[in-house]
Amino acid sequence: MKYSNPQIPEGINTSDSHPLKEFVLLAGGALLLLVVLAWGFGEAGARLARFLPFESEAGLVPEGVLQSDAGPELQRYIDELATRVSAELALPPGMQVNVHVSGGDTFNAFATLGGNVLLFRGLLEALPNENALAMLMAHEIAHVVHRDPIVGIGRGAAIQIVAGLVFGDPDLAVLGQAGIYTQLHFNRDMERDADAAALRAVNGLYGHVSGAADLFKVIQSERREQGGGEPPAIFSSHPLDQQRLQAITDTVREHGWRADGPITALPAAYAEWLRDAARRHDKPAD
Amino acid sequence: MVDLIVFLVLLSLGYLVGRHAEKKHYRSIIERETRLNALPAMAMRSPPMKEYYSQALVTGNVVISVDYFKRFLAALRNLFGGRVTSYESLLDRARREALLRMKAQAEALGAKMVFNVKYETASISKGRRQTIGSVEVLAYGTALIDTRRQ
Chain F
1 MKYSNPQIPE
11 GINTSDSHPL
21 KEFVLLAGGA
31 LLLLVVLAWG
41 FGEAGARLAR
51 FLPFESEAGL
61 VPEGVLQSDA
71 GPELQRYIDE
81 LATRVSAELA
91 LPPGMQVNVH
101 VSGGDTFNAF
111 ATLGGNVLLF
121 RGLLEALPNE
131 NALAMLMAHE
141 IAHVVHRDPI
151 VGIGRGAAIQ
161 IVAGLVFGDP
171 DLAVLGQAGI
181 YTQLHFNRDM
191 ERDADAAALR
201 AVNGLYGHVS
211 GAADLFKVIQ
221 SERREQGGGE
231 PPAIFSSHPL
241 DQQRLQAITD
251 TVREHGWRAD
261 GPITALPAAY
271 AEWLRDAARR
281 HDKPAD
Chain G
1001 MVDLIVFLVL
1011 LSLGYLVGRH
1021 AEKKHYRSII
1031 ERETRLNALP
1041 AMAMRSPPMK
1051 EYYSQALVTG
1061 NVVISVDYFK
1071 RFLAALRNLF
1081 GGRVTSYESL
1091 LDRARREALL
1101 RMKAQAEALG
1111 AKMVFNVKYE
1121 TASISKGRRQ
1131 TIGSVEVLAY
1141 GTALIDTRRQ
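As you go down the protein sequences, you meet chains F and G in turn.
Residue 1 is where the first sequence starts when you use our numbering, and the numbers rise one by one after that.
Residue 1001 is where the second sequence starts when you use our numbering, and the numbers rise one by one after that.
Just chain G, with the same shape it has in the complex:
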């Protein structure tokens, strides 16, 4: 009985707090994305411009933890199969946040754009049972900085 109460408290806490945090995070992501649209990040491997630019490696890294509710929902989903929608938004947030942090770094360097952008994803606490998992997303690319006029 005590186990059940603890479980229900964790579940509702995970739902309420997790959902609030997610909504807040999405608002912040969209706001910063709109602002940083002026600094494009491209996936192409070679620099798109012929002109001389200095280049710098820029990285953006984020670790997001999955809440209890999402984890429980995903465990239930494992039983029946199908899209694990509770993790979709989690990973979407992580990827976008990582890219934004990378762009923020590029912006601080005065870059015009970032090319050869790549993502790395890692799951923290991989393989360990009975732990709330976290996901790490790393976005990195080469920033092009116009230093001629400086």
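Next up, chain F with everything else stripped away, as it sits in the complex:
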């Protein structure tokens, strides 16, 4: 009897697939799975957040995040305008809006939890008339009415939980971080809806929407001044200002609103009030 060990042909006990091909396929699949999971959880989080009663939102805002630098005259003026805008936006019962003014020169304004709206002096100084200010306020208050801040936080928290579970570092204390209250990002649909609601409010307030577009022109020129130009639409959750202007024109035409009318000027002491707010910001009262 003859015994022998023939040379075994290669590729029987091993697979002849290229490891890189397998890597691309598997990693791509895993990434896709992760994106779908995060999106699904985010949507679920956003939906669930809507069920949170408005009253309990206020408890989620940590102390000291929101403080107003406005003097009594400016605060009275802002509050009065906010009341008129809120009436036009038909706030649901139990919902209350607090508008704060920061003396900082940041060119920004945002709405956050508990019906809190923060306007920065940097942006307020650039506004040419009361109509633009009303548009800005109406836009931010519309976010509050639509419950966008809590929906944004619900979505963000759900996505963070997924990321934490997948990457093995679940940081479930997401609601404790002050940063998320000032860096809320709303998606484009939210911005578009807020714009539409704000336009309706401004039209109801003044009988025309002239000056509302001034707000976006101010934002646009500020961006151009900073030299960055407009960020590509995909990188920004805000629809491009040009697109927003177009949407405003479309909405105005659709509803047959008057596009021009008498502009309401800002109070004579407005600029002085803002300088006062800046001083309070730099040197906080005891």
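Calculated from the structure, these hints are not laboratory results.
For every residue, glycine included, the Cβ atom is placed at its ideal position computed from N, Cα and C.
Think about it this way: if two alpha-carbon atoms lie no more than 30 angstroms apart in a straight line, the pair counts; the simulated DSSO-like pairs of lysine-lysine are:
id, chain 1, residue 1, chain 2, residue 2
1, G, 1112, F, 2
2, F, 2, G, 1050
3, F, 21, G, 1024
Reference listing, derived: stretches of chain G covered by chain F, where coverage requires no fewer than 3 residues with Cβ under 8 angstroms from a Cβ of chain F:
id, segment
4, 1041–1048
5, 1078–1090
Counterexamples of contact, computed for chain F against chain G with all Cβ distances above 12 angstroms:
id, residue
6, 38
7, 104
8, 107
9, 128
10, 252
For chain F, the structure is supplied; the task is to place chain G on it using the hints.
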């Protein structure tokens, strides 16, 4: 960000170095297998020859470590199921290398063949997380050495 860079460096290092090492190892395995084909290793349990031979236990042992790329690929594979091809070649190399070392030992003893060949496989760092695993393969058998003419 730093974590990501470290991860990508480890991954590409694992891929490039691991693949080079594997190709080199396979070339060496095939070359030695061709040479040692003259010394058959059989799985049968009793000696195939009636003649008198002296017998000796011969063993071949090898430990091969899995590289970072293979491990990552296998972890991804765990998610979806299917053949863990990145480990297939690893174990194939380990088994063949162990058998070759056993044969080399038998050859050094002047054996005509090795019978009752068996394999043992062990995973080093078994159950410990966050470590690169290694696999040990031991091949052993009984070498038949013709001592009559010596």
